[in-house]
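S.K.: Chain residues, written in single-letter form:
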Amino acid sequence: MTPRSALAALLLLAWAGDAAAARGDDPDWPCVQRLVPELALSSLWNGPAPPEGAAWREAPELAALVARITPRAVGEEDGLRAIAEFAAPLDAAARRRLLPLLAAGVAEATNAVRGGVLDRIKALARRQRHLAEAANRTAAALDALPPDAADRRAELEQRHFFETKAFQDSERTMRYACEAPVRLEARLGAYLRAIQEALPKD
Amino acid sequence: MRALIAALALLLFCAAPTRAETILVSNERDNSITVIDGATLQVTRTVRVGRRPRGIALSQDRRQLYICAGDDDRVEVLDLATWRVVRHLPSGSDPELLALHPDGRRLFVANEDDNLVTVVDVQRGAVLSEIPVGVEPEGMGMSPDGRFLVNTSETTNMAHVIDTTTQQVVANVPVGARPRVAVWQPDGARFWVSSEIGGVVTVVDAQRFQPAGTIEFRVPGVPREAVQPVGIVFAADGARAFVALGPANRVAVVEAPALRVERYLLVGQRVWNLALSGDGRRVYTTNGVSNDLSVIDVEANRVLRSVPVGRSPWGVVVVP
Chain R
1360 MTPRSALAAL LLLAWAGDAA AARGDDPDWP CVQRLVPELA LSSLWNGPAP
1410 PEGAAWREAP ELAALVARIT PRAVGEEDGL RAIAEFAAPL DAAARRRLLP
1460 LLAAGVAEAT NAVRGGVLDR IKALARRQRH LAEAANRTAA ALDALPPDAA
1510 DRRAELEQRH FFETKAFQDS ERTMRYACEA PVRLEARLGA YLRAIQEALP
1560 KD
Chain E
11 MRALIAALAL LLFCAAPTRA ETILVSNERD NSITVIDGAT LQVTRTVRVG
61 RRPRGIALSQ DRRQLYICAG DDDRVEVLDL ATWRVVRHLP SGSDPELLAL
111 HPDGRRLFVA NEDDNLVTVV DVQRGAVLSE IPVGVEPEGM GMSPDGRFLV
161 NTSETTNMAH VIDTTTQQVV ANVPVGARPR VAVWQPDGAR FWVSSEIGGV
211 VTVVDAQRFQ PAGTIEFRVP GVPREAVQPV GIVFAADGAR AFVALGPANR
261 VAVVEAPALR VERYLLVGQR VWNLALSGDG RRVYTTNGVS NDLSVIDVEA
311 NRVLRSVPVG RSPWGVVVVP
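So the sequence lines, in the order shown, correspond to chains R and E. So for the first sequence, our numbering puts the first residue at 1360; every next one is plus one. So for the second sequence, our numbering puts the first residue at 11; every next one is plus one.
Fair warning: there could be bad hints in the mix.
Over 12 Å on every C-beta distance to chain E, these chain R residues come out as not near it, computed from the model [claimed, not checked]: (1) 1398; (2) 1404; (3) 1419; (4) 1546.
In silico contact screen, one side only, chain E against chain R (beta carbon under 7 Å); selected entries [claimed, not checked]: (5) 60; (6) 231; (7) 232; (8) 235; (9) 236; (10) 257; (11) 259; (12) 276; (13) 279; (14) 300.
Listed next, with one range per pair, are the computed distances between beta-carbon atoms [to be verified]: (15) E:184 - R:1509: 54 to 62 Å; (16) E:96 - R:1387: 18 to 26 Å; (17) R:1397 - E:98: 39 to 47 Å.
I should point out that these hints are in silico values taken from the structure, not numbers from a laboratory. Quick reminder that beta carbons are idealized off the backbone N, C-alpha and C, glycines included.
Bound conformation, chain R alone (with noise of 0.2 Å):
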C-alpha cells in the first residue's frame, strides 16, 4: 500500500471506527456518545406527572416563556433568571398548577431544537463518509496510473489534497458539533431542577 492510499484508508478506519463505537443502532450517528434520540421528560424530573398531550400550549404565559428560553442560542443563566421570575409572584396552587405544564413544555420544546441539531449532525457524518470514500477512490486511481501520465498524476494528486483536507475540517467541525445536543441536554436538566425546587415543599 503507498503512503496515500494508506492515509485514506485510515481516514475511512477512523470514521467508521468512531461511528461503530458508539452508534448503537443508528448507522448514521457520528459521536462518542451513544445517540439518546429524545430526551425523556422522566429521566430529568421528579415531580408530580403533568397532564398527558400539550396542555402548557394552552396557557399564553407558558408558551411564551417556554418559546423565550428554550431556543438553541438563550444561555443557561438566562433562562434560570426567566423561570425565577415566572414563578415569584405564583401562589402554591398556582405553582402545583403551573410548574408541571412548565416542565412538560421545555422538555418538549428542547427535544425540537435537540432533534433539528441531531438530523444536521446525521447529515454532517454521511457527507463525511462520503469524503472518506472519494479520497479512498482517488488514491486507488493514483496507485493504478502507469508511470507515464505526468499530468494525469498532477490533477489527482491536487484533488488528493483537497479531499483529504475538506475531510479533515469536517472531522474538526463534527467534534464541535457533538458538543451541541449535550449543551441542549445540560441546560434542560438544570431548568427542571430549577423548576422542581419553585414547587411547593409538602
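We have chain R; now place chain E onto it with these hints.
M.R.: Using the frame of chain R, we list chain E on its own:
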C-alpha cells in the same frame, strides 16, 4: 513552660475535628481534580493535572492518587499532602482506567488504543509487562485477594480474566454490548460487568468464569437507549450494589444476592462513576453532563445533595 505545653495540647485537642474523609473527583474536560471535604461537602480546592484525567485510584498508604492522564499518555502521581503532581509513571498510550494490586506495587492500566493492559511498578516507575487483551480495553476489576484482574474490552464485548501472577488470560467471558466497568463482590464469589449499550449488568461466577445472571433495568418513562449502565459500587457488607445508569440519570439500588432492582434514585445528568463513603453510609456519583457530584444517603435511600465540580466529572475516590 509546662503550662504552655498543656495549653497548646488542649488547643490542638479542641481544634482537631472529627476525622473527616476527603472526596476526589477527576474532571475530564477541565484537566483537574476537585477536592471536597466529606464533612461539609464543600469544595476545598481544585488541582490542575495532566490532560483528560479519567480513571483514578489511591495508593496503598492513601497518601497519593494515581491519575490516568489519557491525552498525555501517562499516569500522574498526585501527593495528597502537598497537592502537587510529584511523579509521572509510564502507562502506555491513552490510559483510561487502572487498578492497584493489593501488593501496593503493581498498577494495572488499560490502554484503550493499543489493546493492551500495561503493568507498572509504582515504586520503580517502570513498565513490568504488557498483556494483550481484546479491542478497546476499558474496565479493570481486581479480585479482593489480588489473584485475578478482570479487564473488559468495549468492542470485543468480553470480560478477560487475567491471572495476576502468570499474567496470562485464563478465561474470556462474553458479556453485554460495550462493557464498561468490572467490579468484584466483596466476598470474591462473583464479579459484575456493566454494559453501556447492552443496558445490562452481567454477573459472572468467579469459580467457573461463567455468566451466573443478568440484571436488566427498566426505569418507568425512560426510553431503553437512555439506560446505559457504567459505574458499580457495593455497600460495605455486600448486601446491596449501586449501579450508575448514564443518561437515564438514575442510580439503581440492587439487592446483591437476589440480583433484584430495589429502586431507582434520580441523580445528576449522565451519571458515570460511583464511590462509597468510608462509613458506608453514602454513595457519591459523578455526573458528566450536569457537572456535579450527587450524594446519596444509603440508609434513607435518597439523594441528599448536589455538589458542583469541574466540567465532565468522571472518576471519584474517597480518602478515609
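S.K.: Now tell me, hint by hint, if it's right for this structure.
M.R.: Here's how the hints hold up against the structure:
no.	hint	result
1	1398	8 Å, violated
2	1404	8 Å, violated
3	1419	28 Å, holds
4	1546	10 Å, violated
5	60	20 Å, violated
6	231	3 Å, holds
7	232	5 Å, holds
8	235	6 Å, holds
9	236	5 Å, holds
10	257	5 Å, holds
11	259	5 Å, holds
12	276	5 Å, holds
13	279	4 Å, holds
14	300	5 Å, holds
15	E:184 - R:1509: 54 to 62 Å	55 Å, holds
16	E:96 - R:1387: 18 to 26 Å	46 Å, violated
17	R:1397 - E:98: 39 to 47 Å	44 Å, holds
In this structure, the earlier hints numbered 1, 2, 4, 5 and 16 are contradicted, and the remaining ones agree with it.
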